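Which chain is which? The protein sequence lines are A and B, in order. With the numbering used here, letter number 183 in the first sequence gets 183, and the count goes up by one each step, no holes. With the numbering used here, letter number 345 in the second sequence gets 345, and the count goes up by one each step, no holes.
You may find that some hints are simply not true.
Said to hold, decoys possible - Short, incomplete list of chain A residues facing chain B, as computed with Cβ under 8 angstroms:
{"hint": "1", "residue": "Ile24"}
{"hint": "2", "residue": "Asp26"}
{"hint": "3", "residue": "Pro143"}
{"hint": "4", "residue": "Val153"}
{"hint": "5", "residue": "Val191"}
To be verified - Derived, one-sided and incomplete: chain A residues facing chain B with beta-carbon distance under 7 angstroms:
{"hint": "6", "residue": "Val110"}
{"hint": "7", "residue": "Leu169"}
{"hint": "8", "residue": "Thr192"}
Keep in mind the hints are simulated off the structure, nothing from the lab. These numbers come from a predicted model, not from an experiment. All C-beta atoms, glycine included, are put in the ideal place defined by N, C-alpha and C.
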Amino acid sequence: MIGENLLTLTSWSLFGIAFSMTLINDWRIILALLLLQYGGVTVLIAESWPVTIAAVKFLAGLLAAGILALTLGSIQKSVSFSPNLVLPERVFRALAALLVGISIISFSEVAGEWFLGASPSQINGGLFLLGLGLIQVGLSERPLRVIIGLLTVISGFEILYATVEGSILMTAFLGGVTLGFAVVGAYLILVTLEEKPA
Amino acid sequence: MNAPLIWIGFPGITAVVLLLLLDYPRVVKWTGTAAAGVFGLSALIIPVEKVINLLNYQVALQNTMNILGRQLIILDSYRPLLVFLFWGYGIWFLLTDFRSVSPWMIPLGLLSLCIVLIILTVDPIFYAAIFFAFLALVNTVLLTPPPDPAVRGVFRYLIYQIFGVLFILFGMWMLSWVDIGSAERVLIIRAVIILGIGFSFLLAVFPFTSWIPMLAVENHPFLAAFVFHTYLTAVFFLGIRFLAGAAWLPTVVAIQPALQFGGLLMVILGGTAAVFSDHMGRTLSSAVIVEIGRALVIISFLGEGFQLIYPQLMVQGVSLALWALCLTVLFPVVKDFRYRSLRGVAKQWPLIFWGLTAAQFSLAGLPLLAGFPVYWSATSSLVTLSPERALIFLGGNLGLMIAAFRSTNYLVSSSDEENILILSNLMINGLIGLGITGLIIFGLFPQILDPFVSALANGFRLP
Numbered sequence: 001m002i003g004e005n006l007l008t009l010t011s012w013s014l015f016g017i018a019f020s021m022t023l024i025n026d027w028r029i030i031l032a033l034l035l036l037q038y039g040g041v042t043v044l045i046a047e048s049w050p051v052t053i054a055a056v057k058f059l060a061g062l063l064a065a066g067i068l069a070l071t072l073g074s075i076q077k078s079v080s081f082s083p084n085l086v087l088p089e090r091v092f093r094a095l096a097a098l099l100v101g102i103s104i105i106s107f108s109e110v111a112g113e114w115f116l117g118a119s120p121s122q123i124n125g126g127l128f129l130l131g132l133g134l135i136q137v138g139l140s141e142r143p144l145r146v147i148i149g150l151l152t153v154i155s156g157f158e159i160l161y162a163t164v165e166g167s168i169l170m171t172a173f174l175g176g177v178t179l180g181f182a183v184v185g186a187y188l189i190l191v192t193l194e195e196k197p198a
Numbered sequence: 001m002n003a004p005l006i007w008i009g010f011p012g013i014t015a016v017v018l019l020l021l022l023d024y025p026r027v028v029k030w031t032g033t034a035a036a037g038v039f040g041l042s043a044l045i046i047p048v049e050k051v052i053n054l055l056n057y058q059v060a061l062q063n064t065m066n067i068l069g070r071q072l073i074i075l076d077s078y079r080p081l082l083v084f085l086f087w088g089y090g091i092w093f094l095l096t097d098f099r100s101v102s103p104w105m106i107p108l109g110l111l112s113l114c115i116v117l118i119i120l121t122v123d124p125i126f127y128a129a130i131f132f133a134f135l136a137l138v139n140t141v142l143l144t145p146p147p148d149p150a151v152r153g154v155f156r157y158l159i160y161q162i163f164g165v166l167f168i169l170f171g172m173w174m175l176s177w178v179d180i181g182s183a184e185r186v187l188i189i190r191a192v193i194i195l196g197i198g199f200s201f202l203l204a205v206f207p208f209t210s211w212i213p214m215l216a217v218e219n220h221p222f223l224a225a226f227v228f229h230t231y232l233t234a235v236f237f238l239g240i241r242f243l244a245g246a247a248w249l250p251t252v253v254a255i256q257p258a259l260q261f262g263g264l265l266m267v268i269l270g271g272t273a274a275v276f277s278d279h280m281g282r283t284l285s286s287a288v289i290v291e292i293g294r295a296l297v298i299i300s301f302l303g304e305g306f307q308l309i310y311p312q313l314m315v316q317g318v319s320l321a322l323w324a325l326c327l328t329v330l331f332p333v334v335k336d337f338r339y340r341s342l343r344g345v346a347k348q349w350p351l352i353f354w355g356l357t358a359a360q361f362s363l364a365g366l367p368l369l370a371g372f373p374v375y376w377s378a379t380s381s382l383v384t385l386s387p388e389r390a391l392i393f394l395g396g397n398l399g400l401m402i403a404a405f406r407s408t409n410y411l412v413s414s415s416d417e418e419n420i421l422i423l424s425n426l427m428i429n430g431l432i433g434l435g436i437t438g439l440i441i442f443g444l445f446p447q448i449l450d451p452f453v454s455a456l457a458n459g460f461r462l463p
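In isolation and in its complexed conformation, chain A is listed as follows:
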C-alpha cells in the first residue's frame, strides 16, 4: 500500500509537471517532464492496481517519449524546432492553468461522487491532468503540443479509469493508444516540417 502523503505529493507534482509543460519552449524538457508525468501516473494507478500492471503505463509513456524524442532529435540536425511561446502568451497560459487548477480543487469533492472507488489524490491527479491537457490542446495548433496535450488528457483519464476498471486487456489497449499517439505525432511533426524547412 502506498502512503497517503506520497499520493498527495504525487498528485500535486502532476499539477506542477503539467503546468510547466504548458509554459516551456524546449522540447527536450517537455519530453523529460512527460516521462516524469508517466511516473506520477504509475504511482497513482498503483494504489488501485498491482505495481507490475501499473508499471505498463510508465513503459508506454517511456516508449512514447522515446519515439517523439527520436523524431525531434533527427529533425534538430536540419531545422530548428521549438513551440516558440512569447512572454504574454506564457502569462496567459499560466493564468489559465492556475484557474483550471483552482476550479479542479473546488470540484474534486463533487467528482468523488462519480468515482466512488477513487482516493482524493487520484481524483485530484486525474483531474489536474485532464484540465491542463485541455489547456494544451485548446491553446495550440502545433503537432507536438497537441500530441503532448492529448497524452496528458489520456493519462488523467487513465488514473480515474483505473479506479473503476481493472481489465488487463483494456490496460493494453490504452497503452496501445498512447503508443499510437506517439507514432502519429511523430508522423505529423515530420510532414509539417517537411513543408516548411528552415
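With chain A held as given, fit chain B onto it using these hints.
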C-alpha cells in the same frame, strides 16, 4: 476457421501488404478494390455457423474468435452489413484517382474498415469505444498524406474523437456498473448523459461541429468526403448496436426527443450554413452536417422506423462519392473551390457539372433523385410525431436546395478565362456517368433497394 478471421483478419493482412506496395499505385488501387469486392462477395455467399461443401470437404464457419477472454462475434445476420461495408469501401477505392489523391488512401482505408468491423463485433461492447481512438489515428494519417502538412481541421478532428472515446468509455462503464432493474435512476441518467456527450463528440453534434467544415475546406475533397462518410457511418452503426442491446433504455430515459432535438439542431445548422456558403467544400460540409441530423432523426423513430437509415447511408455514400470525385477531377485546374472560381464549369466540363448538380440536388431531396424518397419517408414519419418538427426538418432540405441553386448559378455562368484541358480518362468519366445514372434510377425506382435494406435490418433490431 472462423468468420472474424476471414472478414477482419485477412483484410487487415491485405492492408498491411498494400502498405508495402505504395510505390506501385496502380497495383495498390486494383488490389485494394478487388480485395474489397471479393471479401464482400464472400460475405454474400458464405453462411456462418452452417455446414457448406468446399472442395468435397464439409466445413462450417464459426461465428466467434476469442482474444484474451474477449470475443469478436460475426453472426449470420451481420453478413448483409459486411457486404454493405466492403462494397461501399470498394466503390471509394475504385473512384480513387492517383493523379491527385495519395495511394495511402487504399491501405489505410482498408485498415480503417477492419477497425470498423472490430467496433461492430467486439464483445463486450465498451471495448468498441477504444477502437474509435485507433480509427481516429488511422484517419488522421489518411487525411495527411505526405508531403502535405497537417491542417488545423485534422487536429480538431483528432482531439474531438479522443474526447468522445473517453466519455463513451466512462459512460459505458457506468452503465455496466449500475443495476438497471434497481431504482438508481439518477445514476442511469448520469451515465446516459455522459454517453450522449461522447456520441456528440464522435458525431460532431453542435457545438462540436467545427472539424467538419475545417476538413472540407482545408483538405483534399476526396479524402475529406471519404472520412465523413465512412467514419460517421461507423459511429451510427455503433449507436444502433448500442441501442439494440439496451432495449430498456427508452423506458428509462426519454431518448427519442433527445435524438430528435440533436438531429433537428444539426439539420437547421447545416441548412443555414449551406445557404450562406460560397465555397463548394464548405457546402459539402453543410450537406454532411444536415445528413448527421437526418440520421439522428431517423434513428429516433426506433422500432421499424429506424431502418430508413440504411437507404439514407447508401444515398449519402453515392452522392458524396460523386460530389468528391467531380471536385477531385477539377482539383488540378481550378484555383480553389470558391463559387466564383468555378464559373464556366458547365460550359467547359459538362459531365463534371452534371455530376456536381446531381449530387447536390440528390442530397437536397429534389424529387426524382435518390435522396427524395428517403427524406420524404423520414418527413412523413416525423409529421405523425410532430408537424412542427417536420417543418424544421424540411427547413434543412430547403437550405441545401437554395445552396444547390446558388452553386449551379455560378457553375453555368460564363467565365472570361480560357478553356483548360482536363486530362480526364474514360474510366473516371464512366464512373461519373454511372453515379449520375444511379442517383436517377434510385430516385425513380427506390424499391430496388428494399430487399437489401430488409436484409441489413436483420443485423440489429431496435426496441
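Quiz item: Taking the closest Cβ pair, is A:Asp26 under 8 angstroms from chain B?
Solution: With a minimum Cβ separation of about 22 angstroms from chain B (threshold 8 angstroms), the hint on A:Asp26 is violated.
Exercise. Mind checking the CB of A:Leu169 against every CB in chain B and telling me if the closest is under 7 angstroms?
Key: Status holds, d = 5 angstroms.
Self-check item: Hint check, A:Val191 versus chain B [nearest Cβ-Cβ separation less than 8 angstroms]
Solution: holds, 5 angstroms
Quiz item: Given A:Pro143 as an interface hint, is the shortest Cβ-Cβ distance to chain B below 8 angstroms?
Solution: A:Pro143 check passes; min Cβ-Cβ to chain B is 6 angstroms, inside 8 angstroms.
Practice problem: May I ask you to test the interface hint for A:Val110 with respect to chain B, counting a Cβ-Cβ separation under 7 angstroms as satisfied? | Solution: The hint is violated - A:Val110 has no Cβ within 7 angstroms of chain B, the shortest such distance being about 12 angstroms.
Quiz item: Does A:Val153 meet its interface restraint, that is, does its C-beta lie within less than 8 angstroms of any C-beta in chain B?
Solution: holds, 7 angstroms
Exercise. Against chain B, run the beta carbon of A:Ile24 and see if the smallest gap drops under 8 angstroms.
Key: violated, 20 angstroms
Quiz prompt | chain B contact restraint for A:Thr192 - C-beta distance below 7 angstroms | solution = holds, 4 angstroms
Comparing the model with each earlier hint shows violations of hints 1, 2, 6; every other hint is respected.
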